[in-house]
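Going down the list, the sequences are from chains P and S. For the first sequence, the working numbering gives the first residue as 1, with consecutive numbering after it. For the second sequence, the working numbering gives the first residue as 1, with consecutive numbering after it.
Pairs of lysine-lysine residues, derived as PhoX-like cross-links and limited to a Cα-Cα distance of at most 20 Å, are as follows: (1) P/K135 with P/K8; (2) S/K134 with S/K144; (3) S/K63 with P/K183; (4) S/K63 with P/K62; (5) S/K134 with S/K5; (6) S/K6 with S/K25.
These are calculated hints, taken from the structure and not from any lab test. Everything numeric in this text was worked out from a predicted model, so none of it was measured.
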Amino acid sequence: MIRSEILKEIAPIIRDHLVVCNIGLPSQELHMIDDQPTNFYMLGTMGLSSSIGFGLALAQDKPVISIDGDGSVLTNLGTLPTIANNATGNYTLLIIDNGSYGSTGDQPTYAGRKTSLTAVATACGCDNVIEVQDKDLGPVLQSAIDSDEMTIIVCKCDSGNIKLPVITMDPVVIRQRFMEAVKA
Amino acid sequence: MNIDKKIADDLVANDVSFVTTVPCKQLAGVIEEIDQRDDIFHIPSNKEDEGMGLCAGAFMGGKRPAIIMQNTAIGVTINTLATLTQFYRMPLPMIISYRGELREPVACQVEMAVHTKALLAQLNIPTYHFHWQKDVEEFDNILKYTFMCNKPVAILTDANFWGGYGDQ
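Start from the sequences, fold in the hints, and give me the full structure.
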């Protein structure tokens, strides 16, 4: 499966939850598949989906899912120890690991070669790290959201993109709409 | 006046309850003070752009955030300031240790000091410079201003403000 197929499959699972979605194609795909006020789309700032989602999870009680990519996590590896050492049960980090920088033309990442993000997250002190194959993600994600324990999911999948437009929604509108959903 | 305590008191009085820090020798006292406050959740960051991401999330979760870091971080965080904090119009008080100014013993720190105000000006970030201890009296107003306008605001605090480096 490629990332857009995974997002289609998990859309019903994440629809009612707060989602912070990674820059570029992941946000564009989620926006096209199932735009919700509970989705925060990153229009810039590669690497910070995990940190933004984690800050949000620490600040309030609702479940938060950060959708990240292997390339973006490699950009911000330093946040994994921060997440591990301040764990909060309402946080799930979903790393869609297709071994490539999808938004920039599928250049290979080191996660697709020798580097295991599962092992990295574990070494950083994250207690619940689950590596899962794309087709098996749904139930794992659902139980992570339902669980009181913070979970890091590394979902291995194929690289590949679909053609779709950029998000033209104003960033302040995205943020305001999202904040109202957080409060609702 | 205990400036560490005054800064922490003003943060609490302005309902700032989520503070991330990347340490600096000059900031050790204020970081320790913040860490001891029950009203503030203190989460150390490994890098300042990560810290700004945490603050963005905390703000959207209903908390007032702040970041404490060195001025070298301005070089690290320009993209985050422009494409996250400013683009989405989020408030962020940045209490910044202004290394490389008067009484600085480490020459390399001057290399970023000479760019600091120019970079902040280029980013249109409101910037205040605390040089004397009495300058801390403005801190309360700066916090109110930051959360009024929903912008990142820089408070540069130099070695003279913190009392220098002893005999160095």
